[in-house]
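Working from the sequences, and respecting the hints, build out all of it.
Taken in sequence, the protein lines are chains A and B.
Residue numbering for the first sequence follows full-length UniProt numbering, beginning at 1 and increasing consecutively.
Residue numbering for the second sequence follows full-length UniProt numbering, beginning at 1 and increasing consecutively.
The set of hints was computed from the structure by calculation and includes no laboratory data.
Every value quoted in this text rests on a predicted model; they were computed, and no experiment measured them.
Wrong hints could be hidden among the right ones.
To be verified - Calculated lysine to any residue pairs in the SDA-like style (CA-CA distance at most 20 Å, straight line):
#: 1; chain 1: B; residue 1: Lys34; chain 2: A; residue 2: Met280
#: 2; chain 1: B; residue 1: Lys71; chain 2: A; residue 2: Glu556
#: 3; chain 1: B; residue 1: Lys32; chain 2: A; residue 2: Ser279
#: 4; chain 1: A; residue 1: Lys597; chain 2: B; residue 2: Ser76
#: 5; chain 1: A; residue 1: Lys533; chain 2: B; residue 2: Asp36
#: 6; chain 1: B; residue 1: Lys153; chain 2: A; residue 2: Ala535
#: 7; chain 1: B; residue 1: Lys71; chain 2: A; residue 2: Asn604
#: 8; chain 1: A; residue 1: Lys533; chain 2: B; residue 2: Lys34
#: 9; chain 1: A; residue 1: Lys597; chain 2: B; residue 2: Arg69
#: 10; chain 1: B; residue 1: Lys34; chain 2: A; residue 2: Gln519
#: 11; chain 1: B; residue 1: Lys55; chain 2: B; residue 2: Lys153
#: 12; chain 1: A; residue 1: Lys227; chain 2: A; residue 2: Asp616
#: 13; chain 1: A; residue 1: Lys288; chain 2: A; residue 2: Gln358
#: 14; chain 1: A; residue 1: Lys534; chain 2: B; residue 2: Lys34
#: 15; chain 1: B; residue 1: Lys153; chain 2: A; residue 2: Asp616
#: 16; chain 1: A; residue 1: Lys597; chain 2: B; residue 2: Lys71
#: 17; chain 1: B; residue 1: Lys71; chain 2: A; residue 2: Arg520
#: 18; chain 1: B; residue 1: Lys71; chain 2: A; residue 2: Cys514
#: 19; chain 1: A; residue 1: Lys533; chain 2: B; residue 2: Ser37
#: 20; chain 1: B; residue 1: Lys71; chain 2: A; residue 2: Gly599
#: 21; chain 1: B; residue 1: Lys71; chain 2: A; residue 2: Gly558
#: 22; chain 1: A; residue 1: Lys591; chain 2: B; residue 2: Arg69
#: 23; chain 1: A; residue 1: Lys534; chain 2: B; residue 2: Glu35
#: 24; chain 1: B; residue 1: Lys34; chain 2: A; residue 2: Phe531
#: 25; chain 1: B; residue 1: Lys34; chain 2: A; residue 2: Ala535
#: 26; chain 1: B; residue 1: Lys34; chain 2: A; residue 2: Asp530
#: 27; chain 1: A; residue 1: Lys597; chain 2: B; residue 2: Ser72
#: 28; chain 1: B; residue 1: Lys71; chain 2: A; residue 2: Lys534
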Amino acid sequence: MYQVGASKFYIASPQEGKESDIVFETPTFDGHDDGAVFNQISYLGAANINAPKSEAEIHRNMAILNREQGQDQCIRVSVKIPSCSSGSVVLIDAATMQIITSYEVQRILFYAHGIADSDEAACFAFTWSHGNSQESAIFQCHVFRCDIPEAVRQVSACFAKAFMRSPPKPQPSLMCDESQGDLKPSSLQSPVSTMSELFIFELTMDIKEEDSKGGYYVVPKDRSQFKLRANTEKQLCFSVHQVSSVHQRILHIERCFGVLVCPGRNVRHADMRLLEMLSMGNDPGSNKYIITGQWDSSDPALESLNLVEEPSSANKSYVTVAIDLVIRGIQEPVRLQLETKVKVYPKNERFWNLSKRQLVQQFYLNLKELAASDTNEPQFEVISVDTSGEIDRTNKSLGITLSGLMSLQLVDPILSPKEEKEDEFRDDELSDNDEPMLSGTGNVSKDCSAALLEQWSEALTKWTQTGTRPKQLTHLVYQGIPDALRAEIWQRLAGHSEDVMDKYRVLITKESSCESVIQRDINRTFPAHDFFKKAGGLGQDSLFRLSKAYAVYDEEVGYCQGLSFLAAALLLHMPEEQAFCVLVQIMYHYKLRDLFKDGFENLNMRLYQLGRLLEDQVQDLWQHFQEKGVEEHMYGSQWFLTLFTAKFPLHLVFHILDVFLLLGTDTLFLVALALLTVGRSPILLIFFSFANRIGFIRSRARKTCCSWTLKACSSTSG
Amino acid sequence: MSESYDYLFKFLVIGSAGTGKSCLLHQFIESKFKEDSSHTIGVEFGSKVVPVSGKQVKLQIWDTAGQERFKSVTRSYYRGAAGALLVYDVTRRDSFNALANWLADARSLASPNIVVLLVGNKSDLESQREVTFLEASRFAQENELMFLETSAKSGQNVVEAFSKCAKAIVTKIESGELDPDRIGSGIQYGNLKPTRNSASAATGRSCPCKV
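Listed below in structure tokens is the structure:
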């Protein structure tokens, strides 16, 4: 036992033997005997902290707690700090030697000690995430004070070691901790070994060509293909950097020893041509590693890339490109290989549209850490290298649709994964003919958490006070407006005028030439919903009055089939007069009525725009639609004219209306693209199979989409 | 796996709003009456393979919206249709009176050779009948249409209507009156028949998800 003043240290780890000024003693409590124990420590308590990795925040909390907690109020403890990252920091009651609590090192986000020569010089603190998922995590800053200020240095050293060392033998390791909501793409979630660790690198590639003056400039690239000129000297320029890893471990790229290229794809290694390396090294201004290779256009092996394609030819050539990297800590070289489309033009071709999108791909390096050697440097073995495929950085705006609209609530909760599978196969076999969803079905959950209601009430108060939409509104609406609040929020979002409400009472007394047509459609709107089921019932009556009133109010558009679905969706939430106001707002203020005017001219324009967006953002699908002769109006007319209300389950219908009222007309595209985009991603297959079931793109369009999805899935997983 | 067939015909179902076009299609495909049918916006689709004169024929059916103003939207579906069911409601004279317009559209927009079958639907509602069988037959004769009265509700004559129309097309192909290889014929070869120099059939088969 070693005493510093009145304080004693106990160090139990044999590795610490060289620190001869500290005496070892086996701790007296039960548990792991591996680690260092510090006595004579006061636990000053914990404070919630929003920025768990901010040292300044931790110091601030440290100072507050240190000031508040006098000598006698705080808890006297011993603290055990483990020797590696798989262990836990254990608090032991100094009086009873009972374990009070423990904190897994993996969940410690940050450690800091007090600033020397300040009042907190004897303090140390760490932040820990409570809660089981990233969303529900609460970060707390736990603060301690050593009776002996000098001990803090030792504590810090022990924490540092605990953070650095991996466990000596395989254990549920830090990177497989699901509770941390880690960064791994789900497709890679099946760990080959629990010791594997994922590192993500991002690779950006440009192709440059020599111009007549001997300089090199970046060649045009639209969407996915580079436009190359035949018989022109080229350079390949790469930029590689690590974008993430669990526990912030950085892998250092030492050098690149090969840039390879080969026409075609799925090429054999032997066919790849090694290019002459022009330069490599770290970009001083960033953490990127830059590599340039010279592409000799006269190389016979690359001759096929000098063959000019017919301008009309839809054929696209592929080029496979690879770089071999030496990365510190990994013994074997790591090859990052990608395939990209190119189109070859004559040498003297002039490009007018100089779009220069960079090719960006991510590579997922799944590495296995080898048993710790003597050196401090971790050693890895490569388990797998996967790539994301090209990442389109231009459609960030879609993010909100995907996250906002494709949250889990879109997925029919009744379906178990197994049933979905069967459903999918069934679809594939008889797909055209399975029954489409009846319009107006689907349950809408009335449940809403107290916390969410609290947030809404806060937002509503603010809204009332300021008269403008509060900032948090967007976020709240994306989550879906609670059904209990929909009537009010919809009206507020739409903005209404008393004037129109008064008019309604007059309008319903007037006759309309469309009455017989409306009557015929009334019992054909949301026929599956109880409210509208009964002929002559309350629902059908108000729907009739509402539709007729609108036909009178808007002479130019009159009654148009499609409107009744929208009107019905509104009537499910609010009385006729209010529903009429919102309908009028949607038609006029949100300009939905433009779609119906002039022989649907505006609709056709919107559909054209949808087509261009699809071409731009969901290109493979667009291409497939082109080949199959699927045109936007085949699936889009109904979507747009009814504001997606006719054929989707009601909870989705309402949520789309939430977003539409928030964002306006752009929502048409966002939702349409979201519906079509889901088809691209195997992760969202579950949603798609659900969508198939309800028949949201019927027959031809739907089947194309569906098979396309399946194909995409099989090629990705295969 | 997609089913085997000799030919694929593109079919249209056209006619005024509320005449029961979607219900006819549903009865044809599902063999039951659709109680909770909603009105059609734009277009809906269905397909079924039927045996016709010893051949398997896949009908790819486009069910259009009936409201007059949607014509500008639905017209784009007419292109390349091989056959059409022109539907009116026997209990509504206005739907019968509109037939001439619908027919003119079909002949001008689809193909002059389009095979059209006139369908008087809702024949089960005898007591409310406004259009007699005789009157409709005369209209059919004058315009060189085939004619049947059907009931999507009871299923009477529904399959017959589609089959009869398909049969007429097969007959025309066999007699050489219709050339499936002609662009816009609305006919494709299926996977049972050996292809004769048909690019369209080849591209059609290259994709497993072809309809």
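To see whether the hints hold, each was checked on the structure:
For the hint linking Lys34/B to Met280/A, the alpha-carbon distance of about 69 Å lies beyond 20 Å, and the restraint is violated. The straight-line distance between the Cα atoms of Lys71/B and Glu556/A is roughly 17 Å, inside the 20 Å bound, and the hint therefore holds. A distance of roughly 72 Å separates the Cα atoms of Lys32/B and Ser279/A; the hinted pair therefore is violated under the 20 Å criterion. For the hint linking Lys597/A to Ser76/B, the alpha-carbon distance of about 18 Å falls within 20 Å, and the restraint holds.
A hinted pair counts as satisfied when its Cα atoms are at most 20 Å apart, and Lys533/A with Asp36/B qualifies at roughly 9 Å. At most 20 Å may separate the alpha-carbon atoms for a hinted pair to count; Lys153/B and Ala535/A meet this at roughly 18 Å. For the given pair, Lys71/B sits about 13 Å from Asn604/A by alpha-carbon distance, which is consistent with the 20 Å threshold. Of the supplied pair hints, the one linking Lys533/A and Lys34/B holds, its CA atoms being roughly 14 Å apart against a limit of 20 Å.
Distance restraint check for Lys597/A and Arg69/B: the Cα-Cα separation of roughly 10 Å lies within the 20 Å cut-off, and the hinted pair is therefore satisfied. Restraint check: the Cα-Cα separation between Lys34/B and Gln519/A comes to about 19 Å, which is no more than 20 Å; the hinted pair holds. Between Lys55/B and Lys153/B the alpha-carbon distance is near 28 Å, which puts this suggested pair outside the 20 Å criterion. Restraint check: the Cα-Cα separation between Lys227/A and Asp616/A comes to about 17 Å, which is no more than 20 Å; the hinted pair holds.
As the CA atoms of Lys288/A and Gln358/A are separated by approximately 15 Å, the hinted pair is consistent with the 20 Å bound. Between Lys534/A and Lys34/B the alpha-carbon distance is near 16 Å, which keeps this suggested pair within the 20 Å criterion. In summary, the hint linking Lys153/B to Asp616/A is not supported, as the alpha carbons are separated by about 46 Å, beyond the 20 Å threshold. Distance check on the hinted pair: Lys597/A and Lys71/B sit about 13 Å apart at the alpha-carbon level, within 20 Å; holds.
About 18 Å separates the Cα atoms of Lys71/B and Arg520/A, which keeps this hinted pair within 20 Å; it holds. Between Lys71/B and Cys514/A the CA atoms are separated by roughly 17 Å; this keeps the pair inside 20 Å, and the hint holds. For the hint linking Lys533/A to Ser37/B, the alpha-carbon distance of about 11 Å falls within 20 Å, and the restraint holds. Taking the CA atoms of Lys71/B and Gly599/A, the gap is about 9 Å. The hint holds against a cut of 20 Å.
In summary, the hint linking Lys71/B to Gly558/A is supported, as the alpha carbons are separated by about 16 Å, within the 20 Å threshold. Between Lys591/A and Arg69/B the CA atoms are separated by roughly 19 Å; this keeps the pair inside 20 Å, and the hint holds. With a C-alpha separation of about 12 Å, the suggested pair Lys534/A and Glu35/B falls inside the 20 Å cut-off, and the hint holds. Of the pairs offered as hints, the one joining Lys34/B and Phe531/A holds, with about 19 Å between alpha carbons and a cut-off of 20 Å not exceeded.
A distance of roughly 16 Å separates the Cα atoms of Lys34/B and Ala535/A; the hinted pair therefore holds under the 20 Å criterion. The hinted pair formed by Lys34/B and Asp530/A meets the criterion: a straight-line CA distance of about 17 Å does not exceed 20 Å. Between Lys597/A and Ser72/B the CA atoms are separated by roughly 11 Å; this keeps the pair inside 20 Å, and the hint holds. For a cut-off of 20 Å, the pair hint linking Lys71/B to Lys534/A is broken: about 30 Å separates their Cα positions.
In this structure, the hints that do not hold are numbers 1, 3, 11, 15, 28, in rising order.
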